[in-house]
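*Asks:* Listed below, chain by chain, are the residues.
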Amino acid sequence: MISQLTVFLTNEKGRLAAATRTLANANINMKALFIADTADFGILRIFCDTPERAAAELCEAGFRATLTPVIAVSVADEPGTLADLLGFCEGASMNVEYGYCFCTADGRAIDVLKIEGDQAEAVLAEAGFTILAPEDVYAVDAR
Amino acid sequence: MYFQPEIETMPREELRELQVERLRESLRNAYENVELYRQRFDEAGVTPDDLQSLEDLQKFPFVVKQDMRDAYPFGMFARENADVARIHASSGTTGQATVVGHTASDLKNWGDCFARGIAMVGGTKDSTIQVSYGYGLFTGGLGAHAGGEAMGCTVIPTSSGNTKRQIQMMKDCKTDILCCTPSYALLIADTAIEMGYDPATEFQVSGGIFGAEPCSENMRQEIADKLGLQYCDVYGLSEIMGPGVAMECKERGGLHIAEDQFFCEIIDPETLEVLPDGEVGELVITTLTRECSPMIRYRTRDVTTIIDEPCACGRTHRKIGRLLGRTDDMLIIRGVNVFPSQIEQVITEFPEIATQYQIVLTTRGPLDHVELQVETEPDFPIDEVRALEDLRSRLGAALKSNLQVAVDIKFVEPKTITRSEGKAKRVIDLRGETN
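Each protein sequence line maps, in turn, to chains Y and F.
So that you can map any letter, position 62 of the first sequence is 62 in my numbering, and since no number is skipped, the others follow by simple counting.
So that you can map any letter, position 107 of the second sequence is 107 in my numbering, and since no number is skipped, the others follow by simple counting.
Honestly, the hints are just simulated from the structure, not real lab data.
Treat each hint with caution, since some may be false.
For lysine-lysine, the following DSS-like pairs were computed, each having C-alpha atoms within a straight-line distance of at most 30 Å [unchecked claim]:
#1 K13/Y x K164/F
#2 K171/F x K125/F
#3 K171/F x K250/F
#4 K13/Y x K226/F
#5 K65/F x K125/F
#6 K31/Y x K415/F
#7 K250/F x K226/F
#8 K226/F x K174/F
#9 K174/F x K13/Y
#10 K410/F x K114/Y
#11 K226/F x K125/F
#12 K415/F x K114/Y
Residues of chain Y placed beyond 12 Å of chain F at every Cβ, according to the derived structure [stated by the list, open to error]:
#13 V7
#14 L9
#15 A26
#16 N27
#17 N29
#18 M30
#19 R53
#20 E57
#21 T68
#22 D77
#23 E78
#24 P79
#25 A83
#26 L85
#27 L86
#28 G128
Chain F is nowhere near these chain Y residues, computed Cβ spacing over 10 Å in every case [said to hold, decoys possible]:
#29 Q4
#30 D40
#31 V96
#32 A122
Yeah, the Cβ is synthetic: ideal placement off N, Cα and C, and Gly gets one too.
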């Protein structure tokens, strides 16, 4: 499992800018950022270096930030790899709560999945998927 | 365990008959002996003989605290000085003090009312009761003292203050029942713990009668746990008598009104209409036996409900619910009376929601719009949109069924809601402001 930085934001002008500015001021580099938005709030999902420190900095600045364990699967950056992964999840009756993907510089892609239950990572690894460790994705910080 | 079983468990019908009879007597006492009542009744075109049923009381005018201030000091006394045994006065912090007189019989009834509460926490004549309310013009100390004496307890009149000595007395004299304000009870508990005691296990105290100030559910639990006792909430006000007007039995479903002594109504503070039992409104009290200072339809400004349900304790007297606030805090939203404390009460039933909240009132077209801003507790899984939406809809439904008004819930970031040092500003009313 890897740590995704999750930030709760009210859907108001300037909140996203303020959150990213807080991370910038703390000199924290982001690898990826996604937003799930509703009418009056948004949830930021971020991969960044030193996520523990990032969460602490945001909380200190008055944001509601937390770390969420998610699964990161490394796949080839080519058609069909996500479909294969999700097809397997479906076949194994794993319930995917949300997911997103991004490409990395090495010609590969990372599929990030939040899956219900504790067994998902082990099941995927057993099936031969390449599960990424935290240090593969970002600079890890010890608590 | 009862103090006056024949009164406390009197069949409802019999109790109502007793109330009608005493009510008419009380109206007579007021009409014949107090100029203000005579004038008001005459203006309203009613006489004590017009009262044939409890409902007839609705024809009679209200009195308010200002009437008592205007009559300062003895203008509303129905007895001459020779018959007055004692006077008490309310603190004059919010204006001119108000003075209330008690005859010997009034004082006896007061002691009896409070003694019923002592029985509710398991007290008997074998009990030792420590009165840590202040003694003096304030009714707390002497009211509880009279209760202890009526029951035949050993009374320790420590009054308030000198906390360490209080604790020493409590331990050495084996106090069974402690009477004081909730905040003082907590100070006593914390000080005892600081002194190295565990009052819950090392002290004999098993009952506590606490009142005269608001107390949250959490604080109440904390007091009960730290001191290891049954918490009895007591309601009273100096204008009506003092502590003992209503007291909470161990079933904890509200405070039994001493209905042989007081008749309670709940009114809509705007329309002044009497509301059915169960509805939230202003508590109005009429004294049934008080000789020196009869109060007819006294508007307490306290907001609560009347609970008319059989109680497992066997007492037949109706109960009042927890006090929800003062009428001064009332909001009128789309014609419905809403008290911020009602909203607070709903919020406290949701452990996922932090206790800070803010209500923003605006006008949308012809309608009032209510937005409730709340924060989730730090450990709430904010990552899950579904969990947030689910919480929102459950909270919305609970508020709707409680307030009868639809409320828009907005989750906000921490610290959006200003924390104030003193009294929190919970309501922002922007109605009437042009956008």
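*Asks:* Since R53/Y was said not to touch the interface, does its Cβ keep a gap of more than 12 Å from each Cβ of chain F?
*Replies:* Holds: least Cβ distance 18 Å, greater than 12 Å.
*Asks:* Between K174/F and K13/Y, does the CA-CA distance stay at or below 30 Å?
*Replies:* Violated - the C-alpha atoms of K13/Y and K174/F are around 63 Å apart, more than 30 Å.
*Asks:* Taking 10 Å as the cut and beta carbons as the points, is A122/Y off the interface with chain F?
*Replies:* Non-interface label stands for A122/Y: nearest chain F Cβ at 21 Å, farther than 10 Å.
*Asks:* Taking C-beta pairs only, is M30/Y more than 12 Å away from all of chain F?
*Replies:* holds, 17 Å
*Asks:* Since N27/Y was said not to touch the interface, does its Cβ keep a gap of more than 12 Å from each Cβ of chain F?
*Replies:* holds, 23 Å
*Asks:* Is the nearest Cβ of chain F still more than 12 Å from the Cβ of N29/Y?
*Replies:* Correct as stated: the minimum Cβ-Cβ distance to chain F is 22 Å, above 12 Å.
*Asks:* Is E78/Y truly not at the interface, in the sense that its beta carbon sits beyond 12 Å from all beta carbons of chain F?
*Replies:* holds, 30 Å
*Asks:* Check the hint pairing K171/F with K250/F against an upper bound of 30 Å on the C-alpha distance.
*Replies:* holds, 24 Å
*Asks:* Does K164/F sit within 30 Å of K13/Y, going by the straight-line distance between their CA atoms?
*Replies:* Given pair K13/Y, K164/F is violated - Cα atoms ~56 Å apart, limit 30 Å.
*Asks:* Are K65/F and K125/F close enough, with their CA atoms no more than 30 Å apart?
*Replies:* Violated, at roughly 37 Å.
*Asks:* Closest CB-CB distance from L85/Y to chain F, is it above 12 Å?
*Replies:* holds, 21 Å
*Asks:* P79/Y: least C-beta distance to chain F exceeds 12 Å?
*Replies:* holds, 29 Å
Of the numbered hints listed earlier, those contradicted by the structure are 1, 4, 5, 9, 13, 14, 21, 29, 30.
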